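Numbering of the sequence shown is given in my numbering, commencing with residue 297 and proceeding in unit increments.
Take these hints with a grain of salt, some might be off.
[To be verified] Within a straight-line C-alpha distance of at most 20 Å, the following computed EDC-like cross-link-like pairs (lysine to aspartate or glutamate) qualify: (1) K318 <-> E378; (2) K317 <-> E378; (3) K327 <-> D339; (4) K317 <-> E367; (5) K362 <-> D339; (6) K362 <-> E334; (7) K327 <-> E311; (8) K362 <-> E331; (9) K317 <-> E334; (10) K318 <-> E334.
[Unchecked claim] Here are the computed distance ranges between Cβ atoms for each label pair: (11) D313 <-> L380: 18 to 24 Å; (12) E316 <-> R370: 30 to 36 Å; (13) T361 <-> G310: 28 to 34 Å; (14) E311 <-> N359: 18 to 24 Å; (15) G310 <-> G355: 28 to 34 Å; (16) G310 <-> D337: 19 to 25 Å; (17) R319 <-> G355: 18 to 24 Å; (18) I329 <-> K362: 27 to 33 Å; (19) E354 <-> D313: 25 to 31 Å; (20) D313 <-> N363: 15 to 21 Å; (21) V373 <-> R319: 25 to 31 Å; (22) L380 <-> F341: 22 to 28 Å; (23) E378 <-> E311: 15 to 21 Å; (24) D337 <-> N359: 17 to 23 Å.
Since the hints were derived computationally from the structure, they do not count as laboratory data. These numbers come from a predicted model, not from an experiment. Note that CB positions come from ideal geometry on N, CA and C, so glycine has one too.
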Amino acid sequence: MKDFYRVMEKGEVGESDYYEKKRETVLETIKPICEAFEIADYDYFIRENNLLEILAIEGTLINCTKNSIRETVREVVNYIHERL
């Protein structure tokens with residue numbers, strides 16, 4: 297089972313390192329879901345001094361600020377559900 301809560305190993309982590317690792321983890325986690333539904337256009341953006349997190353799927357922008365990775369995955373599933 298994927299650990300949706302741990303982005304990095306325990307210890308001191310800089311803010312920029314955390315958000316870059318979170319972005320990588322989100323993209324790695326949603327990749328198989330998107331591939332299964334033939335969605336190639338997706339990304340996860342962290343902007344404005346790490347205060348804004350946006351999930352972009354096929355041109356649709358979804359605000360995921362302060363979401364856990366688990367909740368971001370739910371947003372992907374909701375998008376796919378609404379698209380069907």
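Now for the hints, and whether the structure bears them out:
| no. | hint | result |
| --- | --- | --- |
| 1 | K318 <-> E378 | violated (26 Å) |
| 2 | K317 <-> E378 | violated (29 Å) |
| 3 | K327 <-> D339 | holds (10 Å) |
| 4 | K317 <-> E367 | holds (17 Å) |
| 5 | K362 <-> D339 | holds (17 Å) |
| 6 | K362 <-> E334 | violated (27 Å) |
| 7 | K327 <-> E311 | violated (24 Å) |
| 8 | K362 <-> E331 | violated (25 Å) |
| 9 | K317 <-> E334 | violated (25 Å) |
| 10 | K318 <-> E334 | violated (23 Å) |
| 11 | D313 <-> L380: 18 to 24 Å | violated (37 Å) |
| 12 | E316 <-> R370: 30 to 36 Å | violated (23 Å) |
| 13 | T361 <-> G310: 28 to 34 Å | violated (20 Å) |
| 14 | E311 <-> N359: 18 to 24 Å | holds (20 Å) |
| 15 | G310 <-> G355: 28 to 34 Å | holds (32 Å) |
| 16 | G310 <-> D337: 19 to 25 Å | violated (31 Å) |
| 17 | R319 <-> G355: 18 to 24 Å | holds (19 Å) |
| 18 | I329 <-> K362: 27 to 33 Å | violated (21 Å) |
| 19 | E354 <-> D313: 25 to 31 Å | holds (29 Å) |
| 20 | D313 <-> N363: 15 to 21 Å | holds (19 Å) |
| 21 | V373 <-> R319: 25 to 31 Å | violated (19 Å) |
| 22 | L380 <-> F341: 22 to 28 Å | holds (25 Å) |
| 23 | E378 <-> E311: 15 to 21 Å | violated (33 Å) |
| 24 | D337 <-> N359: 17 to 23 Å | holds (18 Å) |
In this structure, the hints that do not hold are numbers 1, 2, 6, 7, 8, 9, 10, 11, 12, 13, 16, 18, 21, 23, in rising order.
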